[in-house]
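Number of protein chains: 2
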Amino acid sequence: MNIKEYLRAKKEMVDRALDLYLPGDDVEPKIVHEAMRYSVFAGGKRIRPILVIASAEAVGGNAETVLPAACALEMIHTYSLIHDDLPAMDNDDYRRGKPTNHKVFGEAIAILAGDALLTHAFEVITMCSEKVDGERIVRVIKELSEAAGSRGMVGGQVVDILSEGRNITPEELLFIHTHKTGCLFRAAVRIGAILAGASADKLNALTAYAEHLGLAFQIIDDVLDVTGDAEKLGKMTGSDIKKQKATYPALYGLKRSKELAEKEIESAAESLKDLSTAADPLREIALYLGKRES
Amino acid sequence: MNIKEYLRAKKEMVDRALDLYLPGDDVEPKIVHEAMRYSVFAGGKRIRPILVIASAEAVGGNAETVLPAACALEMIHTYSLIHDDLPAMDNDDYRRGKPTNHKVFGEAIAILAGDALLTHAFEVITMCSEKVDGERIVRVIKELSEAAGSRGMVGGQVVDILSEGRNITPEELLFIHTHKTGCLFRAAVRIGAILAGASADKLNALTAYAEHLGLAFQIIDDVLDVTGDAEKLGKMTGSDIKKQKATYPALYGLKRSKELAEKEIESAAESLKDLSTAADPLREIALYLGKRES
Chain C
4 MNIKEYLRAK
14 KEMVDRALDL
24 YLPGDDVEPK
34 IVHEAMRYSV
44 FAGGKRIRPI
54 LVIASAEAVG
64 GNAETVLPAA
74 CALEMIHTYS
84 LIHDDLPAMD
94 NDDYRRGKPT
104 NHKVFGEAIA
114 ILAGDALLTH
124 AFEVITMCSE
134 KVDGERIVRV
144 IKELSEAAGS
154 RGMVGGQVVD
164 ILSEGRNITP
174 EELLFIHTHK
184 TGCLFRAAVR
194 IGAILAGASA
204 DKLNALTAYA
214 EHLGLAFQII
224 DDVLDVTGDA
234 EKLGKMTGSD
244 IKKQKATYPA
254 LYGLKRSKEL
264 AEKEIESAAE
274 SLKDLSTAAD
284 PLREIALYLG
294 KRES
Chain U
4 MNIKEYLRAK
14 KEMVDRALDL
24 YLPGDDVEPK
34 IVHEAMRYSV
44 FAGGKRIRPI
54 LVIASAEAVG
64 GNAETVLPAA
74 CALEMIHTYS
84 LIHDDLPAMD
94 NDDYRRGKPT
104 NHKVFGEAIA
114 ILAGDALLTH
124 AFEVITMCSE
134 KVDGERIVRV
144 IKELSEAAGS
154 RGMVGGQVVD
164 ILSEGRNITP
174 EELLFIHTHK
184 TGCLFRAAVR
194 IGAILAGASA
204 DKLNALTAYA
214 EHLGLAFQII
224 DDVLDVTGDA
234 EKLGKMTGSD
244 IKKQKATYPA
254 LYGLKRSKEL
264 AEKEIESAAE
274 SLKDLSTAAD
284 PLREIALYLG
294 KRES
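Residue numbers (the numbering used here), protein chains in the order written: chain C, 4 to 297; chain U, 4 to 297.
You may find that some hints are simply not true.
Identical chains share a label here; the pair holds if one copy fits it or two copies do between them.
As the list claims (entries may be wrong) - BS3-like cross-link-like pairs, simulated, lysine-lysine; straight-line CA separation at most 27 Å:
(1) 7 x 145
(2) 106 x 33
(3) 14 x 145
(4) 261 x 7
(5) 134 x 145
These are calculated hints, taken from the structure and not from any lab test.
One chain only, chain C, in its complex shape (with noise of 0.2 Å):
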């Protein structure tokens, strides 16, 4: 299969089904939809939807039945970003090569931005009731919830606040990385499984996949952090150094890192070896996102 044109034709379905989803920016007050809009279109590669669509698939279901979810995933994708650049956190004014939602908008909007598109997100996975029964959607709807807040996202997001700028452990770190990125890909997987109507086994095998994704995922962006391209990356590089962030390169050192990095992807691979070639897009996207520069 071709991964590149696979990623290519579901980050189209998933943007125009963004597009449907969200609010006009003609919907009163137009100014929060404008900001709602500004930062789910700002170029993310929808990574999230993707791995609902492709973990759905990887078990008999398809596409268009776990749309809204996926689309809800992105959505609390987003909101996370907006707030993480607020300047009582991160304090970015860049994303993407573009000035953050609270630049453009200002802080006020941006905070109330993100709190709709979180809100947003459980709007928006009810529509899946159109073709998926309640109970599923009740077990999803708790899934989501729970990766997202304070014991998932929420959680990595506080640990990572509070250990900027004093040293950390290997445990510490690991924290922020499963929480504050893991959870989300986890449930992304999950969520795409269950809505299918995935055996216990397979629900299994995809959820270790995920977590070994997600973890590689966010030991690579430590990297690309230190070596990767500002141009491709659409922000500044160093910037986790500047701010003296925890990451796998200053615990580990680059080499290792990218060593720690190389058997999360073989492991989440490995992971899926009981499954069908359905599971194939899951795969290659393990193997691409190994060899991401942005």
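Since chain C is already given, all that's left is putting chain U on it; use the hints.
Okay, now just chain U, sitting in the frame of chain C:
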């Protein structure tokens, strides 16, 4: 019936459930759970959760069944207060007589505690699935996310923020009040009724009740900011004038504002004319809130 005793008993029930449903402050990362609990237990009257319960009871449902949804409403209300108080928004140092969340925990943790409460509300509402079928819970989640999002509560806050320091029209003021406060009141009453299986007719009557009550509540809030006792309110009075906030007294004067609030309270009670005595708590709540001094 003794409405004070009713409110006391239901508040106690809600407080116990909130304690149960919120992660303990010994769960990592502790600081965010401490911050979430700080604001949830800062002395709210629990009006929204009590409306969920009273509305369910009005159509033959019971409190236990809707308790998770009742708590979800309070978590969303609390998150909105934490974010509204932030320096980038209303910049308030005190709320209910206590320092606001960001004054105690810092801005970053306050933003994240708000995000976590909003997210957790959707996790908690899925706990209704022990006693209610999935389709109905999905419907209720849709109601809640619409009411809390950019076309609801968040939208009201956006217009409120944009209106500070400039003259606004009566229509704009009505938009702010019906969205910022009204949408969550409406959702509380509707969610209780839907979970309890209300007929369409009864749901319509209850919706009208909630819309009148929500508007009355907010007009009285505006009036109390001018005439109220700072000690009873637990916050400085006159703060709306200081911030040049759009209010009913500013647009209509005190006397006319009080009359308008009374009219809304009457209309709220009138909306319930076809409901049985099971709706008496809702009727009494309207009268009680019409006379409130804090």
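Status of the hints after comparison with the structure:
| no. | hint | verdict |
| --- | --- | --- |
| 1 | 7 x 145 | neither (32 Å within a copy, 36 Å between copies) |
| 2 | 106 x 33 | within (18 Å within a copy, 31 Å between copies) |
| 3 | 14 x 145 | both (26 Å within a copy, 26 Å between copies) |
| 4 | 261 x 7 | within (23 Å within a copy, 65 Å between copies) |
| 5 | 134 x 145 | both (18 Å within a copy, 16 Å between copies) |
The structure fails to meet hint 1 from the earlier list, while all remaining hints are met.
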